[in-house]
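Take each chain as given, in its own frame, and dock them per the hints.
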Amino acid sequence: MNWRSMWAIARKDLKEVRQNKVAWEPAIAIPLIFAILMPILFSVVPQVLPVDDIQRELGEIETLLKKLPPSIQTLFDGLKIEQMFVLYMTAFMLAPLFLILPLMFSSVVGADSFVGERERKTMEALLYSPVTDMELFLGKVLAAVIPAIALSWLTYLVYIIMVNLASYGLFQRIWFPLPTWWPLMFWLTPAFALLGISATVMISARVKTFMEAYQLSGSLVVLVLALVVGQATGVLYLGVGTVMLVGTLIWIVDAILIYLGSRNFKRSSLIARL
Amino acid sequence: MNAVIEVNSLVRIFGQNRAVDGMTFHVEQGEVFGLLGPNGAGKTTTVRLLNGILPPSEGTMCVFGLDPTTCGEDVRRRTGVLTETPALYERLSARENLEFFATLQGIHAPDMNRRVNEMLEFFELASRAKDKVETFSKGMKQRLALARALIHQPPLLFLDEPTSGLDPEAAQQVNDLIASLSRANGQTVVLATHNLFEAQRLCNRVAVMNKGKILALGSLKELSRRLWPMTWVDIVFHVKPPEHVAGSLRTLRDVIQVSADDEALSVQVENEDVIPEVVRLLVEQGASILRVNPRDHTLEEIYFALQAGGA
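Chains as they are written, first to last, in this note's numbering: chain A, 1 to 274; chain B, 1 to 311.
Simulated from the structure, these hints should not be mistaken for lab results. Built from N, CA and C at the ideal position, the CB exists for glycine as well. Keep in mind that a hint or two might mislead.
Each computed DSSO-like pair below joins lysine-lysine, with the alpha-carbon atoms no more than 30 Å apart [stated by the list, open to error]:
id, chain 1, residue 1, chain 2, residue 2
1, A, Lys80, A, Lys67
2, A, Lys80, A, Lys66
3, A, Lys121, B, Lys211
4, A, Lys208, B, Lys221
5, A, Lys15, B, Lys213
6, A, Lys121, A, Lys66
7, A, Lys80, A, Lys15
8, B, Lys130, A, Lys121
9, A, Lys21, B, Lys132
10, A, Lys208, A, Lys266
11, A, Lys208, B, Lys211
12, B, Lys132, A, Lys208
13, B, Lys211, B, Lys221
14, B, Lys240, A, Lys15
15, B, Lys240, A, Lys21
16, A, Lys121, B, Lys138
17, A, Lys266, A, Lys121
18, A, Lys21, A, Lys121
19, A, Lys266, B, Lys211
20, A, Lys121, B, Lys213
21, A, Lys208, A, Lys15
22, A, Lys121, B, Lys132
23, A, Lys21, B, Lys211
24, B, Lys138, A, Lys15
25, A, Lys21, A, Lys208
26, A, Lys266, A, Lys15
27, A, Lys266, B, Lys213
Reference listing, derived: stretches of chain A covered by chain B, where coverage requires no fewer than 3 residues with Cβ under 8 Å from a Cβ of chain B [to be verified]:
id, region
28, 184-195
29, 251-262
Looking at chain B on its own, in the form it has when it is part of the complex (with noise of 0.2 Å):
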């Protein structure tokens, strides 16, 4: 394991308020991981934390196997945060605010300016580099947010609600460059979202919070698993097999309960173990199989169950 991130119950309080309340998670290098839950789950004090914008109030972290706390400066030198809002200088060009940033960053000249124009082009905002962002769409703005966040190359990019406000084919263009980030430059990318379509596409494994805590922990299909054992696989029949077929998958051990409709079978069993076996029969007694479709639960499912309980 190849941790970047390392959180061992961390706590956050303000005032009466535990923000964040005994979080314990790690992040691996290449992995995009998100963080999910309602507003006020915890999910941006999350992001300020481990920027050492914040200090807990207790627990421990480790970013690259600094503390944020005390090596803040180090810690933001690897990270790119894109926050909520774009938070860029309207008032100055879009050419200015990434080399504001590239400056504050470290980046000196000759690098800068090529750094720069490699972003600008790269978020197709070259032909509008000397004007005012005040002038910029949100699509533009959210891109050259992205881009200052990137202005660094940092290997580890935090993303807090990435297309929140944009319009579809924004939020698309978004999401493609989010998911190239940690496919084609080995970037870690910690997204925190309540957009859970957008998690599912793009997160290797995700936390899903509320209040401060996290509910569960893992990936689609762990959390998944977790949440219902039980599973239903759709068989499509190529040619409607004999009515037998359904009763002798009955008498299998893990097959819990089989429905039977036209060309198809529906049949939930004890685990996804048993579709192997339960194949197997199908072929033996002569069935031509033409799909076999194991029932996935979507991300919003497994949220709503985990939020309805964790409530």
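One chain only, chain A, in its complex shape (with noise of 0.2 Å):
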């Protein structure tokens, strides 16, 4: 395997994805409103907010509170009003969403780089040069993948320090991250940044425009949204078990669809396609 030819290829895409707004400008946009809005908006508002504004919201986390593992229903106990909500809303309604954005970094990368190299017509040259299937199939994967995890990781640091720094007056300490996170950020995240290309992969062989594929590999999103509705609904609840489970089971998939697409990612059937 010649890395150094895998890492060219995936320093190439990820400068060609440089230059498409279409796909940088909602994976930076995005983040900024995960990473410094939410915070701001969840830390700051219970602050300013009358307390039965707050308490009456609160009444329906309440019924939700319950349904928690009882492990973690000690981490609200002896808690203020304020700082209930601030747990609530930050620790863990927030937590699934963000999901979204190593899925949404490497799908858009990943469609510019399977399906826009083909839509700009400069994938001949690419399969005339000495490089295997399999190093120019992983020099874009990795093009995807290492950014997104970066990309995410870098926003979940920004997203801590947010939290801490909003909250700081209600609850005087660095208290966030909760335990649950260290999973969803080191093993979940990775997961899915995999899920999103290798969803790519499979989806850029039946399509003919990196909108096309941006488009169809967005549905993927309709995953994290199922994580929130059931954390929200109490239904099911990303404690570090259920993380490590849902983990599993993606790089799981993940495994299939990376087999899958690199066995069907060959120059005969890639040229057949320009």
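Pasting the structure below:
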């Protein structure tokens, strides 16, 4: 395996994506909303709203809290009403939403790399280079996965800082992240990044344009929404065990999709689609 | 014979279409070999087969003694391909394009910088090295695509319609370059084109193709002799010869017809070997000869004659 060639392909794809505003504008805007706007909103609002309003809102939350595992319920013991609101919203409700980031980043880069290259008619020259089909495939996968994970982790870091800063007045200590966030960041996020690109690879074989691939891969967000709804309704709680289990399932799906994608990523079939 | 490419009974089928249908040919080292034919003749498919991009349906092929189907990477390390469209990364600069392909060809840092600079200088793109390719003219893009194909100094170069869409000046530049590659560097060039003027100027031998088959293969002279064994020769005199001279030529066994026109004669002979005998007879009869011009057939004439017979 020629790693130098693979890195060169990955770097080249990233340089190209940087020039594609349709690809990177949402990839910058959404992390800014998640990492800066949301923690400010959910941490500052309870500090300025009347307690009665929060009490009314929390009335519904309390029924949800009762459905949480006892170990989590203890986190809320002895907290003031404003602290409960901040804890519930920033540490639990928003957590699954963050999985949109690795999915979105990797599928955007993947769509540009796999379909965009074909659309721009630059693939043929690449096929005449002495890299193997597998090196070409993995180079393109790396181009999507590495920045997706890196940008997601950067967003998490900013989010952690913002949550602690914005809620410091309420808690008077650094309390975030909670233990459930570690597997979310380091187990589930890479799995979702790989899911985004592996699904895009499968989609890329069936579409002709970057926009088609981009829009179709966007349908993967349904998975994240299912987790958000599950958590909001108390059906599925993303605790450490659940995150590890969901992550393992996603990794298995990733492995199957990557295997199938690499098997179909052959010069002879790629050139036929040009 | 030192064959760089050897192809035997090569077939490539796409569904019901036999894109390449039983081709057999070889290309020798240092040769400029033309694949001529209309669109859909199988030229591009042949280039793809020889670079291991497509596997053949039947037949065998060897490039530098290697089978491109199983040793595609090794073959592609020794070949440079100019595709029909430049296929450049338009959002990247000229330098970034060359550096990327140099890396894929295994050229490392110090050599890479030197080689990229050389190519940019040679193709007169150095002043625009940092500009995005999307700002380049068509001719500049074609020159950059050629630079990309040559960045690793491949001993075998495939050029697919190298002057397609270029203005005459740019096309002339590209053609001069192709001629110099073979002459100065001993590089073997396979030129896939339907530009017959270009092929006549550049190629040592050509394969005229149609519907995946080779209709004829050889040098311009060989093809011309095969198609038209009888040839015309125009003889221009310094002083108009006496009337009987034309008549005496008709007595020669291999002379078919003679037509006289003031200070010139046009003689149709069985083959070119008869021409010295014609000249000798004229001189013996006191004719003062200024010029002897055997009429050459152009590649265009040969091509259309073959296509008419082979279509």
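Given pair status - Lys121 (chain A), Lys266 (chain A), alpha carbons within 30 Å: holds, 17 Å
Given pair status - Lys66 (chain A), Lys121 (chain A), alpha carbons within 30 Å: With a Cα-Cα distance of about 57 Å, the restraint between Lys121 (chain A) and Lys66 (chain A) is violated, given a limit of 30 Å.
Pairwise hint evaluation, Lys213 (chain B) against Lys15 (chain A), where the allowed Cα distance is 30 Å at most: violated, 43 Å
Pair hint outcome, Lys121 (chain A) versus Lys132 (chain B) [Cα-Cα no greater than 30 Å]: holds, 17 Å
Pair hint Lys208 (chain A) and Lys211 (chain B), alpha-carbon separation not exceeding 30 Å: holds, 28 Å
Holds or violated: Lys266 (chain A) to Lys15 (chain A), with C-alpha atoms at most 30 Å apart: holds, 24 Å
Straight-line alpha-carbon gap Lys240 (chain B) to Lys21 (chain A), limit 30 Å: Answer violated: Lys240 (chain B) to Lys21 (chain A) is near 79 Å, above 30 Å.
Agreement of Lys121 (chain A) and Lys211 (chain B) with the hint, judged by alpha carbon distance not exceeding 30 Å: holds, 25 Å
30 Å limit on alpha-carbon distance, applied to hinted pair Lys21 (chain A) and Lys132 (chain B): Answer holds: Lys21 (chain A) to Lys132 (chain B) is near 16 Å, not above 30 Å.
Distance restraint between Lys80 (chain A) and Lys67 (chain A), which requires alpha-carbon spacing of 30 Å or less: The given pair, whose Cα atoms are some 20 Å apart, holds under the 30 Å limit.
Satisfaction of hint between Lys213 (chain B) and Lys121 (chain A), Cα-Cα up to 30 Å: Holds - the C-alpha atoms of Lys213 (chain B) and Lys121 (chain A) are around 28 Å apart, at most 30 Å.
Lys121 (chain A) paired with Lys138 (chain B) [C-alpha distance capped at 30 Å]: Holds, at about 15 Å.
In the structure shown, a violation is registered for the earlier hints numbered 4, 5, 6, 7, 14, 15, 23, 28 and 29, in ascending order.
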